[in-house]
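There are 2 protein chains.
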Amino acid sequence: MSSLCARPIGVFDSGLGGLTVVRQLRRLLPTEEILYLGDLAHLPYGTKSTDEIRRRSGECADFLLKQGIKALVIACNSASSVAYKLLSEKLPVPVLDVITPAVEEALASSKNFRIGVIATYATIESGSYAQSLEARSPDAEYFLKPCPLFVPLAEEGWLDDAIALGTARRYLEPIKKKKVDTLILGCTHYPLLGKVIARVMGPRVRLIDSAIPTALKLKELLRRRKLLGPAGRRAPLKICITDYVRNFARIGEAFLGEELHSVKLVKIP
Amino acid sequence: MSSLCARPIGVFDSGLGGLTVVRQLRRLLPTEEILYLGDLAHLPYGTKSTDEIRRRSGECADFLLKQGIKALVIACNSASSVAYKLLSEKLPVPVLDVITPAVEEALASSKNFRIGVIATYATIESGSYAQSLEARSPDAEYFLKPCPLFVPLAEEGWLDDAIALGTARRYLEPIKKKKVDTLILGCTHYPLLGKVIARVMGPRVRLIDSAIPTALKLKELLRRRKLLGPAGRRAPLKICITDYVRNFARIGEAFLGEELHSVKLVKIP
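Chains as they are written, first to last, in the working numbering: chain A, 42 to 310; chain B, 42 to 310.
Just chain A, with the same shape it has in the complex:
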């Protein structure tokens, strides 16, 4: 086992949503140390220009590389949309986005090739899910739906009540009518609303939380490159943020599913 193995996995997002990805990485790769960077000083990325998102993603990647990461996960749909190709070509470590694994998993699991994608307006308008689905399966039919209230619902912690359910019904009924059998949760906030989303979509629709195929793809990649972390430990999680946001601890812990320890404020350009 090379000394590289003990190095951390780097994960970045513009905010705290990426902690839902960390949650699945911790569950599926418990022996991997994780270094998370939340670029809170510059959120949201969704409203920024392509160039600016690429620049910010480059800064995040540079910071994490300097900490000696062995692989990078872009845990942000906006950054995945426009910076994945660039970073995967440029960086000296393997890079994963959250869009490709979700699309691959959706196409692998769909029986009727009718696939729904819910995401923010910014992600849907970027065209990245549509392009990624079309490139891999030109015959699949997909249905995109922006669900802008889901982010504030997740952040308020209104996850499983009449308001969350009513909102989910209003957004999802049109996509349910299209008889999709698979629904990609194309925003890192949405897994928190998984329960009401599942309730509306019904038991025959499979929900894809991108974090899970992303974690599994990373595991396979590390295994193949003999980079898996030392077995038998519960590896630490370190969180760096470029600024505080309101309700940081409450939201962070809800997304991560465990208590926040070791949070460090860092400055990056």
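Derived by calculation from the structure, the hints in this document are not laboratory data. Incorrect hints may have been included.
[Stated by the list, open to error] Below, computed lysine-lysine pairings styled on BS3-like, alpha-carbon distance capped at 25 Å:
| hint | chain 1 | residue 1 | chain 2 | residue 2 |
| --- | --- | --- | --- | --- |
| 1 | B | Lys217 | A | Lys89 |
| 2 | A | Lys186 | A | Lys236 |
| 3 | B | Lys308 | A | Lys89 |
| 4 | B | Lys89 | A | Lys308 |
| 5 | B | Lys89 | A | Lys89 |
Dock chain B against the given chain A, drawing on the hints supplied.
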């Protein structure tokens, strides 16, 4: 009447919310030409630093001054919070914010001096409503409540249904229990939800849409300085934006309460 009178009133906001202020200006000062600048390329201001909001507000003011405005209305709570003093000292034309007129009106109309303020997290955390109320009436009791779902509800056009009502109930019941008799709508998006807010608060609570006292204060100021526009015309409204946003026309028309004509894309630094 000086030639200054025929000049437009300048109004700016980071987004389209300020069009609810324009709506009241159009209603209460129908003979005044209005030039609106929506700095959509840089929204939201709420998450920006104080310095950055001041810089952006300065750029917006400069643009409007170059178009020959006779007065300026800062139709944005974030910019009103941190840039009003600076702009009113620096600019050669009278400047109004939206916070001061709302606070003055609330204190003038409250009988029990128990006043509620609902706004975004950013506005409440800026402390500007609390400071403004305290400076004018140290004995008044005020109750602040952030209502983050109200902005996406307004933008989605979900204004008067079960979800809007349920959300309003959850946010407003605690403030209602404080027995306020006056509630300031401290965000330019909130007047769109006025119906459900009124329904939850009940008929004995007066809602203050900042746009109305702001328009009345402007009218009085123009009258005093002999700057009122030529009588007997329905003056034009010109809208400049620094970028397009999704659903621009639908949201803009809902906020403005009339059709959008004469929208121009402009570049400002």
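Now the hints, each set against the structure:
{"no.": "1", "hint": "B:Lys217 with A:Lys89", "verdict": "violated (39 Å)"}
{"no.": "2", "hint": "A:Lys186 with A:Lys236", "verdict": "holds (18 Å)"}
{"no.": "3", "hint": "B:Lys308 with A:Lys89", "verdict": "holds (16 Å)"}
{"no.": "4", "hint": "B:Lys89 with A:Lys308", "verdict": "holds (16 Å)"}
{"no.": "5", "hint": "B:Lys89 with A:Lys89", "verdict": "holds (13 Å)"}
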